[in-house]
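K.L.:
Chain by chain, the residues:
Protein chains: 2
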Amino acid sequence: MTNPTQEVLINGQWRASSQSAVFSPTNPTLGQPLAIEFPVSQWSDCDEALTAAASAFTKLRTMASEAIALFLEKYASLIEADKDGLVEIAHQESGLPKSPRLADVEMPRTLNQLRLAAAAARKQSWSMPTIDTKANIRSCYQAIGPVCVFGPNNFPFAFNSIAGGDFAAAIAVGNPVIAKANSSHPATSMRFAVLADKAVRETGMPSGLVQLIYRTSHADGERLVSDPRLSAIGYTGSRSAGLQLKSVADRVGKPFYAELSSVNPVVFLPGAFRERLDKLIEEYVTSGLMATGQFCTNPGMLLMLDNADTTNFIEGVTAKYRANNVGTLLSRSVETSLVKSISILKDAGAELLLGGSKVEGSRCAVANTVLKISGKQFLADPHVFQTEAFGNAVLLVVCSDITELAQAIEQLDGNLTGSIYSDSQGSDDANYSLIAAALTQRVGRILNDKMPTGVAVSPAMNHGGPFPATGHPGFTAVGIPASLIRFAKLTCFDSVREHRMPVVLQNDNSSGAWRLVDGNWSNGSLE
Amino acid sequence: MTNPTQEVLINGQWRASSQSAVFSPTNPTLGQPLAIEFPVSQWSDCDEALTAAASAFTKLRTMASEAIALFLEKYASLIEADKDGLVEIAHQESGLPKSPRLADVEMPRTLNQLRLAAAAARKQSWSMPTIDTKANIRSCYQAIGPVCVFGPNNFPFAFNSIAGGDFAAAIAVGNPVIAKANSSHPATSMRFAVLADKAVRETGMPSGLVQLIYRTSHADGERLVSDPRLSAIGYTGSRSAGLQLKSVADRVGKPFYAELSSVNPVVFLPGAFRERLDKLIEEYVTSGLMATGQFCTNPGMLLMLDNADTTNFIEGVTAKYRANNVGTLLSRSVETSLVKSISILKDAGAELLLGGSKVEGSRCAVANTVLKISGKQFLADPHVFQTEAFGNAVLLVVCSDITELAQAIEQLDGNLTGSIYSDSQGSDDANYSLIAAALTQRVGRILNDKMPTGVAVSPAMNHGGPFPATGHPGFTAVGIPASLIRFAKLTCFDSVREHRMPVVLQNDNSSGAWRLVDGNWSNGSLE
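Protein chains in written order, with the working numbering: chain A, 56 to 582; chain B, 56 to 582.
With the rest of the complex left out, here is chain A (with noise of 0.2 Å):
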């Protein structure tokens, strides 16, 4: 027995969706449909969260940042209080461990986000207040208008649209959010949805500021994209259905905030193998299956040159591959997802080590998967060896020699990470220049002897890079403030009257934000 169809949050009423269809999430682990039903919106709805976020926009602009600060600070409190019903919830949709990922981790850096982005609306240095004393000019990045934000399916909490970074960033910048919710993890969705409901009724803040739906048609949501009410996109998922959307949103020149796939390419130079190869085999598999591998920044790729020690690490990490539990998929559709993606790279070739295919039972899970070629083999097909098998599964790159290994960096498309391990001693260190200045030009974030899985909060991360990884080199999804910035624009106040302008660029400065006043930074107020 399945409880009634669940309401849509527009323009904070919790009210019957003008459903075409319904659906239920998963439970990954039991293989098995949940008891509750989400409807699946018609336009109309898209349509009436659409006024309401342009008639919240318009409100929003007349109140002070510290309002949307209260506002996230709320929220955040409210979520805490509720921690133990959201993680037995996004447990049961994702097959997420209950601890120490979700309540541990998870549930600490949403807080945490959420937070940091109170603090950056509070304070304003990230909208980049420039003055020109002089020429009497100033700027700042703004608002830009409703964002719709599309939630991936691997955070359940800190990527979720109603809740996650790219959340946190538009509100922070003063703009209401549309979130879409992941399909595989509604219940969460909507579990926030009615926390930030209630925070939204407790601070004052506009009805429409946040809005939830769970799923449209694919034809809704191309209308949803386009539409003239909608200002930007946060959009992290699948890369089929973000470029879609990307190329409707392009037509428009509206900027889509894209974080599409990513296979996170490893190099191991042989100093590093020489020096510390049991650490390695270790670090690398704590790494790769850690979320069963569902990280965006899962270390997917791996290069080595051909030689004993690489021999012992590929059987080391095969051991502990076939040693270590096979954890459960986030959805029916990752698992399949998965199979035909080593089904891909096997047909082109790739020598199949272990695993490979769905294990038996009805929770959604593949056997942990190693997958081997040559370099002369990645070379000769460079586009489908860059394959993502999202999930538990490594594809080894292993190269004849030094130059091979640069010539596979050079056919590397964009992606968030690339790492390269070298030994301590200086060995590694002519190897580590002739390919490293190319794999930093293929990556938003280059690492040193370190895994790419964990994305510190800080303002000095990227979580972003060059296409197809992102839609945009410029851009980070996590970090804040910098990752505010996707959701604004740029506005130049040229000769206004002081009174006129944002409070961040009149002379008096009392919330200390930076300012970068006639050349130099400064965090005091003008004369």
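Quick caveat, the hints were computed from the structure, so don't treat them as lab data. Honestly, I wouldn't trust all of these hints.
[Stated by the list, open to error] Below, a list of computed lysine-lysine pairs in the DSS-like style, where the Cα atoms sit at most 27 Å apart:
(1) B/K253 - B/K427
(2) B/K189 - A/K189
(3) A/K375 - A/K153
(4) A/K178 - B/K138
(5) A/K334 - A/K395
(6) A/K189 - A/K114
(7) A/K138 - A/K189
(8) A/K375 - A/K427
(9) A/K505 - B/K413
(10) B/K395 - A/K189
(11) A/K114 - A/K178
(12) B/K189 - A/K334
(13) A/K189 - B/K505
(14) B/K153 - B/K138
(15) B/K431 - B/K395
(16) B/K427 - B/K395
(17) B/K395 - B/K413
(18) B/K153 - B/K178
No experiment lies behind these values; they were computed from the predicted model shown.
For chain A, the structure is supplied; the task is to place chain B on it using the hints.
P.N.:
Using the frame of chain A, we list chain B on its own:
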């Protein structure tokens, strides 16, 4: 008698183009072609230029930013030494007055931009170095790779694809530039290229740093823009050609910075007219006819309320437009396009108060033109009444009341600028509040009591704006250092050994770059 077809500059060599056809620029003052022929390149020219640019980029990545600064300074000096020749040829090709325009305004601006770009390259503050000492994560913007610059027709110096703002920004970041000359001033561009080539040699820069082609087929232009060897595009020009190239770049996720078209609405509130009508007539006419109205920021649409002052304003403007000299337009195609835009506006119902047709004779010129519509007419078809009439024509929108004017503002497309004139006593303040937020949201730069022509090269300038004025509302094409960011990628260095990071991220900071260190901006070294 024409001279032999001119040569293209590819990989440091002046050589015959793989031409498919030839063309000659027109002297618009005479309405006659100049006795000089330029080639329309076939793909092989583009292909060779792309390979040379990629090779130059590999070399550039190993060079200190000081080398780039020295190149830009040398190039500026060579331009300054050849100033008279450049002014002469640019005058012949563009019809723009030698003095003050070309010699005394645009030339100094161009030199200033190149020198500011050199200073930015030297100091590296533009790269927004951000350091998290605790997490050992550091990030900055870095060169994106080879850039193609398509320059506009209206600034033969300051926006020239091989000497102007986009060129200076792309080079200062550390990118090679393939310049696509504007077809209306190829000889000016070639003269710059001779100097750029000389500067490349004299400062020991890679031979593919600066290259020049004049024209390609549309198909080859699209192929150039989407080629994997090219990393970004700067485009200033017509909306239709720009949108076509943008769509090609978008499909392959390549940053395409387009500056397209803008009508630059100016609102006159009633108190301003009451207070200083004659002054405002003078101020507007000077700005509106400056450079025969051929500025990106030309005030092409004036909005005001229907009253006696407005009637006087319109009479005053019309009288001055009638009395003023009729300037020469940049080319026959600008003339054709202006006549066509005026027809579109007339056909849609605009009343022609003055001008509207080509001036007799061979010179490229259209009579100074004034068109008028009501606010009601505008609201009935806001799309057609935002047709840009590039040149010496203006559309006056006379609204019945402030509500109607506010509704008109809500219908505006994205523009580079928006201006509001109000009185000094506060009688316009309520009206200002009614319209300012909506206008600000639709423009890149909002002005008070000031015409939008005159785009100061200031760090606080934004020469940009929402689509379709540009392709992304977060970037400016004018203002150093901000304009440089367009041609850069954000790169994070996560636990990368210090000597392997860019100089600007290392502990020592002897260039004195401004860096965001643990949340605070400073220009000193780390411990």
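K.L.:
Between the alpha carbons of B/K427 and B/K395, is the straight-line distance 27 Å or under?
P.N.:
Given that 27 Å is the threshold and the Cα spacing comes to 17 Å, the pair holds.
K.L.:
Holds or violated: are the alpha carbons of A/K334 and A/K395 at most 27 Å from each other?
P.N.:
Measuring from Cα to Cα gives roughly 32 Å; hence the hint is violated.
K.L.:
B/K431 and B/K395: Cα distance at most 27 Å?
P.N.:
Cα-Cα ~23 Å, so holds.
K.L.:
For the pair we were handed, B/K253 and B/K427, check the Cα-Cα distance against 27 Å.
P.N.:
Given that 27 Å is the threshold and the Cα spacing comes to 52 Å, the pair is violated.
K.L.:
Holds or violated: A/K375 and A/K153, Cα atoms, limit 27 Å.
P.N.:
OK: A/K375 and A/K153 at ~24 Å, within 27 Å.
K.L.:
Given the proposed pairing of A/K114 with A/K178, does the C-alpha separation stay at or below 27 Å?
P.N.:
OK: A/K114 and A/K178 at ~20 Å, within 27 Å.
K.L.:
Is B/K153 within 27 Å of B/K178, Cα to Cα?
P.N.:
violated, 35 Å
K.L.:
Hint check: A/K505 vs B/K413, CA-CA at most 27 Å. Holds or violated?
P.N.:
violated, 68 Å
K.L.:
Given the proposed pairing of B/K189 with A/K334, does the C-alpha separation stay at or below 27 Å?
P.N.:
It holds: about 24 Å lies between the C-alpha atoms, which stays within 27 Å.
K.L.:
Are A/K178 and B/K138 close enough, with their CA atoms no more than 27 Å apart?
P.N.:
violated, 48 Å
K.L.:
Taking only the CA atoms, is the gap from A/K189 to A/K114 under or equal to 27 Å?
P.N.:
violated, 33 Å
K.L.:
Starting from A/K375, check that the Cα of A/K427 is at most 27 Å away, please.
P.N.:
With Cα atoms ~16 Å apart, A/K375 and A/K427 stay inside 27 Å; holds.
When held up to the earlier numbered hints, the structure conflicts with 1, 2, 4, 5, 6, 7, 9, 10, 18 and fits the remainder.
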